[in-house]
Amino acid sequence: MNLRLIDVQCGFGGAAPGVREIISADNVLANLRELRIDRALVRITPEKMDTDIVLSNEKLASACRNHPELMPCPVVQPVCGDDLPDEAEQADACLRMGARAVVIRPAQDGWTLAPWMADRLFLALQERRIPVLGLERYVSHDQAAALAARYPDLPIILAQQGYRTQRVLMALLAAFPSLSLSIGNNYDVHGGLEQICKTHGARRLLFGTEFPQSEPLCAVTYLLYSAISEEEKQLIGAGNFEALAGGIRL
Amino acid sequence: MTSLLERARQGNPLNELDLSDLHGHIGYFNFGIPDLSLDGMVAAMDRIGIARIVCSHMRCMSADVAWGNDQVLLAMRRFPGRILGYFSVWPASAAAVREETGRCLAHPFTGLKLHNVNAFSYDDPAYEPAYEACARRCMPVLLHTWGEPREFQAVRALTARYPGLSFLLAHAGSTHEADYIAIARDCPNVYLDTALSASPRGLIERLARGAGADKVVWGSDSYFFSPAQQIGKVLGAALPDADKLKILSLNARRILARILPA
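Sequence lines, in order, name chains S and D.
Every letter in the first sequence is one number past the one before it in numbering that gives the first Met the number 0, and letter 203, counting from 1, is 202.
Every letter in the second sequence is one number past the one before it in numbering that gives the first Met the number 0, and letter 194, counting from 1, is 193.
Rather than coming from a laboratory, the hints here were simulated on the basis of the structure.
Keep in mind it's a predicted model, so treat the numbers as computed, not measured.
Among the hints, erroneous ones may be present.
Claimed, not checked - Residues from chain S shown here face chain D by an in silico Cβ test under 8 angstroms; the list is partial: (1) R163; (2) V188; (3) F210; (4) V219; (5) L223; (6) S225; (7) S228.
Said to hold, decoys possible - To give an idea of the chain S side of the interface with chain D (calculated C-beta under 10 angstroms), a few residues: (8) M0; (9) E193; (10) E209.
Heads up, the beta-carbon is just placed ideally off N, CA and C, and yes, glycines get one too.
Turn these sequences into a full structure, and let the hints steer you where they fit.
Written out as structure tokens, the structure is:
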């Protein structure tokens, strides 16, 4: 089966303590070619040592500029005084660079998801229908639920969900139609894709690999060897993200 | 010839490779696992082309080992040759372990699975009757490990005492990767099991290059993890297909072939 794939959980360029190797955009492109993945939504990762989102976003935009296979997923955050452009301007800047989603890292970047702090940011993103990538270590399930309740037109992609979270994920997906789930690592529960497709529909799932931290073929085999229809695999592989990205109000 | 990676990328089953999954579980566990059926397990194996899986029961992580062992036996009878069984023991005493071991080995179990979630060391004297019985039959022993020094110490002591046993260290590389590689290199009867949720990129290559591809065996940890997801880390590893075949099939075949009949 020649399944078209778009990777929504991918990145390069970051550094981590004790890790000498820095993954480049060329490494990502080589991985895409090897696994025949059409495109990737890329963010700066690992982000542990990333303390300057302006520089990182510029680096990301620059790396993606000449490679249509790479779609930037820059970082956004609430402003503190005048340290960053205001939230609406950040959202517009993301769109100008070709972003098809943004990532939030509240704990890393020193803010909280509380509405008294982040309301302007999420309203700006919601107005533009820009999908938000919520990694498990930064956005708890309760926080994802609160965001989805407050901003029902904001697409939120949950990622890096662990294999112990299926009970919660099923309830979250049932309660909040704006939530979708990337199947990239660490999401690897036995029968997980089948259960979500059957209960909530394949449109709630997106293909992701968590390259370079994780072995990217795992997500490919997880999808291809699952007991769901070819049509559902096509939706998860690429169609659902294309629909989300197509919904962005430019 | 089409590479294993390319066959995986197309989602083609790998039936002719005689794949063995040496780390499986059956039974309920408290966080949500969508499909707990044996039929579902075997259907997942069929889609990938896995010939057999060796399972213990989830309850064998507790003191309910006898009940769990009985459930494994039922699964083995339901799918003979596809679902093989590890029995387990609770170290209440050496006498209790001897009794449960004897009860289980009257049936065609394949090996022993122990989990140290009970806080007892693998070289606890109460386990000795189980090791002795398995050693007489050259059976594999699958040990849950998480890279703790006390685990390596215990396994080194056991390998010296029971050279007939094959020790499979589950979750190899979860932490202290170099120690896993060292013990597999040092001890001829120690193998590294690949089951790990995170599937770090490059781990399989490092284990295979460090310990030798002959010393790495594939385990999915299914039902916890999907075998479809867990097999990707081996099929996608930057290794020759010959090494992937050892990890997924040949090493297990060698370990299982050593088992002596009752």
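Taking the hints in turn, this is what the structure says about them:
1. R163: 4 angstroms, holds
2. V188: 6 angstroms, holds
3. F210: 7 angstroms, holds
4. V219: 6 angstroms, holds
5. L223: At 3 angstroms from the nearest chain D Cβ, L223 of chain S passes the 8 angstroms test, so the hint holds.
6. S225: With a closest approach of 6 angstroms, the S225 of chain S hint holds.
7. S228: 13 angstroms, violated
8. M0: Holds - the Cβ of M0 of chain S comes within 10 angstroms of chain D, reaching about 5 angstroms at its closest.
9. E193: This interface hint holds because 7 angstroms falls under the 10 angstroms limit.
10. E209: This interface hint holds because 8 angstroms falls under the 10 angstroms limit.
In terms of the numbered hints stated before, the structure departs from hint 7 and from no other.
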